[in-house]
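For the protein sequence lines, the chains are D and Z, in the order given.
Here the working numbering runs 212 ahead of the position in the first sequence, where the first position is 1.
Here the working numbering runs 97 ahead of the position in the second sequence, where the first position is 1.
Don't take each hint at face value.
Derived contacts from chain Z toward chain D, CB cut-off under 7 Å, selection only [stated by the list, open to error]: (1) ALA124; (2) GLN130; (3) TYR148; (4) THR242; (5) VAL258; (6) ASP273; (7) VAL276; (8) VAL280; (9) SER287; (10) THR292; (11) PRO312.
When the alpha-carbon atoms are kept at most 30 Å apart in a straight line, the in silico DSS-like pairs for lysine-lysine are as follows [stated by the list, open to error]: (12) Z/LYS132 to D/LYS429; (13) Z/LYS132 to Z/LYS121; (14) Z/LYS118 to D/LYS490; (15) D/LYS490 to Z/LYS316.
If you're looking for bench data, these hints aren't it; they were derived computationally from the structure.
A virtual CB, placed ideally from N, CA and C, is assigned to each residue, including glycine.
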Amino acid sequence: MTIVIGFEGSANKIGVGIIQDGKVLSNPRRTYITPPGQGFLPSDTARHHRSCVLEVLHEALEEAKIQPKDIDCVAYTKGPGMGAPLVSVAIVARTVAQLWKKPLLGVNHCIGHIEMGRLITGAENPTVLYVSGGNTQVISYSEHRYRIFGETIDIAVGNCLDRFARVLKIPNDPSPGYNIEQMAKKGKKFVELPYTVKGMDVSFSGILSYIEDMAHKMLSSGECTPEDLCFSLQETLFAMLVEITERAMAHCGSQEVLIVGGVGCNVRLQEMMEIMCKERSAKLFATDERFCIDNGAMIAQAGWEMFRSGHMTPLEDSWITQRYRTDEVEVTWRD
Amino acid sequence: MECQAESDSRQRTREYLAGLKLLKQGAEARVYQGKFLGKAAVVKERFPKTYRHPALEEKLTHRRTAQEGRAILRCRKAGIPAPVIYFVDYVTNCIYMEDIEGSVTVRDYIMTAQKNGRNLHDLAEKIGKILARMHDEDVIHGDLTTSNMLLRPPHQDLDLVLIDFGLSFISALPEDKGVDLYVLEKAFLSTHPNTEEIFSALLKSYSASSKKSSPVIKKLDEVRLRGRKRSMIG
Numbered sequence: 213m214t215i216v217i218g219f220e221g222s223a224n225k226i227g228v229g230i231i232q233d234g235k236v237l238s239n240p241r242r243t244y245i246t247p248p249g250q251g252f253l254p255s256d257t258a259r260h261h262r263s264c265v266l267e268v269l270h271e272a273l274e275e276a277k278i279q280p281k282d283i284d285c286v287a288y289t290k291g292p293g294m295g296a297p298l299v300s301v302a303i304v305a306r307t308v309a310q311l312w313k314k315p316l317l318g319v320n321h322c323i324g325h326i327e328m329g330r331l332i333t334g335a336e337n338p339t340v341l342y343v344s345g346g347n348t349q350v351i352s353y354s355e356h357r358y359r360i361f362g363e364t365i366d367i368a369v370g371n372c373l374d375r376f377a378r379v380l381k382i383p384n385d386p387s388p389g390y391n392i393e394q395m396a397k398k399g400k401k402f403v404e405l406p407y408t409v410k411g412m413d414v415s416f417s418g419i420l421s422y423i424e425d426m427a428h429k430m431l432s433s434g435e436c437t438p439e440d441l442c443f444s445l446q447e448t449l450f451a452m453l454v455e456i457t458e459r460a461m462a463h464c465g466s467q468e469v470l471i472v473g474g475v476g477c478n479v480r481l482q483e484m485m486e487i488m489c490k491e492r493s494a495k496l497f498a499t500d501e502r503f504c505i506d507n508g509a510m511i512a513q514a515g516w517e518m519f520r521s522g523h524m525t526p527l528e529d530s531w532i533t534q535r536y537r538t539d540e541v542e543v544t545w546r547d
Numbered sequence: 098m099e100c101q102a103e104s105d106s107r108q109r110t111r112e113y114l115a116g117l118k119l120l121k122q123g124a125e126a127r128v129y130q131g132k133f134l135g136k137a138a139v140v141k142e143r144f145p146k147t148y149r150h151p152a153l154e155e156k157l158t159h160r161r162t163a164q165e166g167r168a169i170l171r172c173r174k175a176g177i178p179a180p181v182i183y184f185v186d187y188v189t190n191c192i193y194m195e196d197i198e199g200s201v202t203v204r205d206y207i208m209t210a211q212k213n214g215r216n217l218h219d220l221a222e223k224i225g226k227i228l229a230r231m232h233d234e235d236v237i238h239g240d241l242t243t244s245n246m247l248l249r250p251p252h253q254d255l256d257l258v259l260i261d262f263g264l265s266f267i268s269a270l271p272e273d274k275g276v277d278l279y280v281l282e283k284a285f286l287s288t289h290p291n292t293e294e295i296f297s298a299l300l301k302s303y304s305a306s307s308k309k310s311s312p313v314i315k316k317l318d319e320v321r322l323r324g325r326k327r328s329m330i331g
């Protein structure tokens with residue numbers, strides 16, 4: 213029996229999760245929400261995390277009904293992410309690991325998403341679409357690495373959605389992406405936007421600058437409604453994502469897709485992916501907001517796999533890094 | 098409303114394709130194999146993607162069918178090996194082209210060669226050379242992977258043929274050529290682990306063969322950095 217506690221705080225979510233051999237014992241989380249029209253700044257986000265991390269930690273322990281002595285390993289997000297929030301959470305992980313005399317383990321955030329997705333859905337060896345505020349990657353496992361077959365060559369899809377939300381002053385509560393999704397359901401007219409797929413890579417910056425430029429003109433002339441824009445943006449962005457996923461599947465001969473990351477809980481994206489999968493008799497695996505969106509349990513789960521295969525991070529190496537690619541990690545826990 | 102001629106044409110195509118052998122379903126098309134006017138042919142059918150909005154679907158599919166035909170023609174005129182196109186049907190978005198009989202994909206060739214410990218240096222040089230010529234013609238392939246290159250039999254002669262030009266376009270910009278190589282590099286290294294050396298031989302041969310390679314390689318370095326340095330949050 214192995215129990216791992218995971219600390220996550222690489223962006224505007226702070227979460228602590230506890231995993232015991234594939235079972236989520238607890239997974240509380242808080243989100244730092246900014247006013248409409250504003251993004252979250254690193255220093256403010258770190259302040260938010262510092263102010264509630266201990267409360268979240270207490271909640272995690274209480275809900276799991278365990279004592280610190282029952283824990284085998286303390287995992288935390290080493291990166292990638294925003295520097296200040298990462299540091300604020302890593303410090304707590306380091307401190308409790310020393311207080312409780314437990315080994316420490318730095319985890320790659322992206323690997324956390326993948327391992328959590330695999331655990332929850334039971335997907336064996338899927339092509340992974342990892343889509344969030346900071347990442348857009350199509351990943352497939354081979355020879356001890358999660359290899360990146362396709363990715364954005366500029367901004368992430370979630371970043372594109374978030375920044376579009378700021379243009380239209382769409383609220384950030386509970387998340388800009390969720391509100392865009394709800395508005396898109398009422399959109400009717402399809403506005404043509406740039407569509408940029410380069411092999412298995414995508415580019416979103418052109419779409420963003422186009423829509424930033426045109427949105428107010430089109431709205432004030434009555435050419436379309438904000439709902440139409442949300443609808444058209446989603447349809448275009450998601451079509452690109454489904455297309456590169458399908459390209460990677462065809463290239464790798466894969467018959468499974470797993471969607472992870474915050475944007476992955478968008479039901480329209482899941483719907484489109486499902487249609488694509490059906491057309492090629494493949495299987496789609498997706499999770500809901502509890503596990504798609506950043507959370508502590510995903511760090512605990514990746515930590516659990518790593519710890520069981522012999523990984524540990526000595527205190528002097530327990531730093532964080534803003535840049536940490538998915539394919540840098542040697543995956544020792546899979547064949 | 099669709100006119101009678103169009104729906105007749107669709108019907109005829111459906112009947113014709115039903116008599117062919119479905120070779121594979123790629124990412125954006127079904128590929129059939131059979132005879133076309135007595136010649137060994139493959140038919141690439143860009144069937145509608147129902148996950149896409151109909152307006153987007155129609156635009157993309159038509160554009161890609163046209164682009165593929167145009168780029169292949171341009172390549173062949175410049176002596177860059179690509180399949181012969183027999184016929185393009187814009188109503189059903191089908192391209193009828195030469196069947197490269199007995200060919201293997203470079204992807205499979207590399208995998209077998211790696212298993213048998215065969216040297217891949219010559220192949221890398223060959224690919225570099227052909228891509229250099231293609232870029233000198235200002236053709237950007239748009240989807241370079243080792244699955245999109247074939248070897249005619251006998252395979253060891255390295256008679257390379259480029260295919261799948263659906264994402265191609267014409268551009269003289271080093272940026273576009275750099276991204277083209279970047280796309281290949283990522284697909285190459287992720288599909289074939291531990292081939293960094295082979296890929297650098299490919300780039301070397303590209304640089305040596307192309308008249309305009311130095312700004313392209315410089316752009317490639319720039320684009321790589323974009324990938325590496327991208328802040329990755331969330």
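Violations among the numbered hints: Structure breaks hints 2, 5, 6, 10, 11, 12, 15.
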